[in-house]
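Residue numbers (full-length UniProt numbering), protein chains in the order written: chain S, 1 to 146; chain Y, 1 to 146; chain E, 1 to 146; chain R, 1 to 146; chain G, 1 to 146; chain V, 1 to 146.
Hints are not guaranteed to be accurate.
What the hints assert, rightly or not - Here are the in silico distance ranges between beta carbons for each label pair:
id: 1; chain 1: Y; residue 1: Glu124; chain 2: S; residue 2: Pro133; range: 42 to 50 angstroms
id: 2; chain 1: G; residue 1: Leu132; chain 2: R; residue 2: Asp29; range: 15 to 23 angstroms
id: 3; chain 1: S; residue 1: Thr95; chain 2: R; residue 2: Ala18; range: 32 to 40 angstroms
id: 4; chain 1: V; residue 1: Arg80; chain 2: G; residue 2: Leu120; range: 27 to 35 angstroms
id: 5; chain 1: G; residue 1: Arg80; chain 2: R; residue 2: Asp29; range: 24 to 32 angstroms
id: 6; chain 1: R; residue 1: Ser135; chain 2: E; residue 2: Glu32; range: 34 to 42 angstroms
What the hints assert, rightly or not - Here are a few chain G residues that face chain R, going by a calculated C-beta distance under 8 angstroms:
id: 7; residue: Leu61
id: 8; residue: Leu90
id: 9; residue: Pro113
Hint data in this document are derived by calculation from the structure and do not stem from the laboratory.
We put the CB at the ideal spot given by N, CA and C, even for glycine.
Number of protein chains: 6
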Amino acid sequence: MRRDPVPERSERFLRGAARLSEMGGDIADIGEALADIAPDVAVYIGEFAFGDLYCRPGLSLRERQIATIAALTTLGDTGRQLRFHTGAALNTGVTPAEIVEVVVQMLAFAGSPRVFNAMLAVREALADRDLLPVSPGRPADGPDRS
Amino acid sequence: MRRDPVPERSERFLRGAARLSEMGGDIADIGEALADIAPDVAVYIGEFAFGDLYCRPGLSLRERQIATIAALTTLGDTGRQLRFHTGAALNTGVTPAEIVEVVVQMLAFAGSPRVFNAMLAVREALADRDLLPVSPGRPADGPDRS
Amino acid sequence: MRRDPVPERSERFLRGAARLSEMGGDIADIGEALADIAPDVAVYIGEFAFGDLYCRPGLSLRERQIATIAALTTLGDTGRQLRFHTGAALNTGVTPAEIVEVVVQMLAFAGSPRVFNAMLAVREALADRDLLPVSPGRPADGPDRS
Amino acid sequence: MRRDPVPERSERFLRGAARLSEMGGDIADIGEALADIAPDVAVYIGEFAFGDLYCRPGLSLRERQIATIAALTTLGDTGRQLRFHTGAALNTGVTPAEIVEVVVQMLAFAGSPRVFNAMLAVREALADRDLLPVSPGRPADGPDRS
Amino acid sequence: MRRDPVPERSERFLRGAARLSEMGGDIADIGEALADIAPDVAVYIGEFAFGDLYCRPGLSLRERQIATIAALTTLGDTGRQLRFHTGAALNTGVTPAEIVEVVVQMLAFAGSPRVFNAMLAVREALADRDLLPVSPGRPADGPDRS
Amino acid sequence: MRRDPVPERSERFLRGAARLSEMGGDIADIGEALADIAPDVAVYIGEFAFGDLYCRPGLSLRERQIATIAALTTLGDTGRQLRFHTGAALNTGVTPAEIVEVVVQMLAFAGSPRVFNAMLAVREALADRDLLPVSPGRPADGPDRS
Chain S
1 MRRDPVPERS ERFLRGAARL SEMGGDIADI GEALADIAPD VAVYIGEFAF
51 GDLYCRPGLS LRERQIATIA ALTTLGDTGR QLRFHTGAAL NTGVTPAEIV
101 EVVVQMLAFA GSPRVFNAML AVREALADRD LLPVSPGRPA DGPDRS
Chain Y
1 MRRDPVPERS ERFLRGAARL SEMGGDIADI GEALADIAPD VAVYIGEFAF
51 GDLYCRPGLS LRERQIATIA ALTTLGDTGR QLRFHTGAAL NTGVTPAEIV
101 EVVVQMLAFA GSPRVFNAML AVREALADRD LLPVSPGRPA DGPDRS
Chain E
1 MRRDPVPERS ERFLRGAARL SEMGGDIADI GEALADIAPD VAVYIGEFAF
51 GDLYCRPGLS LRERQIATIA ALTTLGDTGR QLRFHTGAAL NTGVTPAEIV
101 EVVVQMLAFA GSPRVFNAML AVREALADRD LLPVSPGRPA DGPDRS
Chain R
1 MRRDPVPERS ERFLRGAARL SEMGGDIADI GEALADIAPD VAVYIGEFAF
51 GDLYCRPGLS LRERQIATIA ALTTLGDTGR QLRFHTGAAL NTGVTPAEIV
101 EVVVQMLAFA GSPRVFNAML AVREALADRD LLPVSPGRPA DGPDRS
Chain G
1 MRRDPVPERS ERFLRGAARL SEMGGDIADI GEALADIAPD VAVYIGEFAF
51 GDLYCRPGLS LRERQIATIA ALTTLGDTGR QLRFHTGAAL NTGVTPAEIV
101 EVVVQMLAFA GSPRVFNAML AVREALADRD LLPVSPGRPA DGPDRS
Chain V
1 MRRDPVPERS ERFLRGAARL SEMGGDIADI GEALADIAPD VAVYIGEFAF
51 GDLYCRPGLS LRERQIATIA ALTTLGDTGR QLRFHTGAAL NTGVTPAEIV
101 EVVVQMLAFA GSPRVFNAML AVREALADRD LLPVSPGRPA DGPDRS
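All chains, full assembly: derive it from the sequences and hints.
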């Protein structure tokens, strides 16, 4: 007998699933990945991360995704999460160039290994959506050309 | 003979110092803190972090500070940096409630110890500017009250 | 007008506050620390960390505290959290020597700087409760004495 | 001429190898993986991690594995280590559901990316032993269903 | 129209590219990997990491690579970077045994998971150059053989 | 009855204590700090970190301290350790300017918050020894002055 990958249906969960759907994700995918080991994790992510935190007022979804891309780049070992949140960022109005911009900024705070690895994960997510190449920033504000 | 805390004056450095000044900071403060050990670090921060990265187009300063607050919360051991960048966020149009909002969101990505410590650092910076208490988000979207 | 440091009263929150109380903590303390900046964080910690996670069956509170001491030692920059959770560990049946034992084991997984810093935080919490010195393990299984 | 993957045979090493064997591991496997580059690492792990630390009294092997799973989840970039220590946890009396429980608890301390990645590594180790699906915790204490 | 993977040519960039070349690397490889998403990252790495930092006097390239191997081992999630910098270390006069020695020393500071993962990455880079097996240190100073 | 802060006297421990002494440290200081909570930690540090790892051939003590300063800068939350190892670096032939140089290089790998915090810890240790100001690198290879 197959178990329901997302067994719980609190109001918070439903709110979170709707928010995630608005961001282009599907809570069922998270549930499916952990269905036979820890379905509760998908429920908690649905309830807490998306139903509680991502449903708070005070920041737009676009701004929340900017914060998330920065955090995941800094944390490291987050290729899977960056691929997902790149998609969510695109769905909430962040452009490919802006996602790249957030990761580039992390050169100052997290160092080049974290930035390089994050960029490769973002690149994969953009390639899947046929969004490469990303147009670079305007030259006048680009790297040093003294 | 006292050494100049900020000995270098490249175009990139001057551009970075101006950008930092616009964010309410003063490159001389960074230079002063490390003047007798590593003045070059202030120069590199002025040139690279503020002159190169923070002068890039493609994200507003407000958005860059949202990314920075998220990254510093996640990194940990960054109380000093969070106090500075809270001020810089305020000076680039991020409200106290929005700064708090970014830190709260990190409960999903970095866990509660990082969030608690970051919040105490942000709190200190806001207290210094007489900006407490911070008005909370609207109840209808706040924590679970089922 | 002073704000209520713990404004929310969901069933999950009350369950978490009771669990925390059983562990010797007081959710009001967390609320108080962040009352003028982010009272919601105390609510989320009450609801999610203590009401959801710490109320799950499947592990004793004693075992949960063993896991928590290990995690905080590994994470770093967690002196404040280790002081609190040392008290909570004592209240759930972990002895001082067992807390020390968990931290010592982290020499293999997190390295000596993390272990040294964690031990100093645990030491402070034990000193506050007049629980020093901690009796060492039996010599026969202690360090190399070849 | 092939080199011995585990060249050293101190009393501490033999004690550690025996302890590791009791946990279902084989020091020769670690030695083999690094035999042509750093056989000493296997020796140090045998001597120090397993011969010194894991042979200390004061915590059961079961409790030590609870601490280890928590630490590895928090540390990140530890898929290989989590796969090994999941097996060792099973061999020292931790059930699959209890291993999962430790990882789930880390949602509070290390955030969801670390938990998700750790769960996938644990899942692989359980799948290799034909131990999926893992029975969930009792509903009455599960996620919010208000 | 294909974009130039390394569009900028400042003096600092050229100096960095030359330094990198001296270390056995090629800035074009970094540029190529990110050419369609963030060519500026290769430019910044060329200018700042290699043109500014690696061109500073005061430490030999050999010593800089010792520092870098230590840092990457400690940081974690740096397999790609360790493979590259193992080659650069070899090209600046660090022997395979010395690279291994730096990683082994990290057992004290970063714990065995970081060391094990780093060693596997170093091993790959040495295998690609047909430099295995690495001769171990002299027995008299090796692991405990009391 | 007061306990001996360093109760164990294996050959490895004595070798490590001698090595530490050569580096200007005193194992009794570590033992004293943890005497009433975990004297074994000082023993393990004496035996394993200094008796095993730091007594290995293949790298000079000077080079080992370069690696250690890099690792501690990258790890974060290591002010106490950096103060100690700055002294040890000085005692093994690393100059103040070289210690600074290692920390500066970490701007590329660990980001500016880690570098800034590490530099402040190194600065304290140098100030205690009346070694400030540190002479900067030669201008010709310093920051950008185009």
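Could you tell me whether the CB distance from Thr95(S) to Ala18(R) stays inside 32 to 40 angstroms? 59 angstroms, violated
Interface hint outcome for Leu90(G) [beta carbon to chain R under 8 angstroms]: 14 angstroms, violated
Distance restraint evaluation - Arg80(V), Leu120(G), Cβ atoms, bounds 27 to 35 angstroms: 31 angstroms, holds
Quick check: does the Cβ-Cβ distance between Ser135(R) and Glu32(E) fall within 34 to 42 angstroms? 40 angstroms, holds
For the range 24 to 32 angstroms, tell me whether the beta carbons of Arg80(G) and Asp29(R) fit it or not. 25 angstroms, holds
For the hint 42 to 50 angstroms, verify it against the beta carbon of Glu124(Y) and that of Pro133(S). 44 angstroms, holds
Holds or violated: the hint that Leu61(G) contacts chain R, with Cβ atoms closer than 8 angstroms. Cβ of Leu61(G) sits 23 angstroms from chain R, so the hint is violated.
Hint check, Pro113(G) versus chain R [nearest Cβ-Cβ separation less than 8 angstroms]: 5 angstroms, holds
Return holds or violated for the Cβ distance of Leu132(G) and Asp29(R) against the range 15 to 23 angstroms. Given about 18 angstroms between the Cβ atoms, the range holds.
Going down the numbered hints, you'll see the structure goes against 3, 7, 8, while the others check out.
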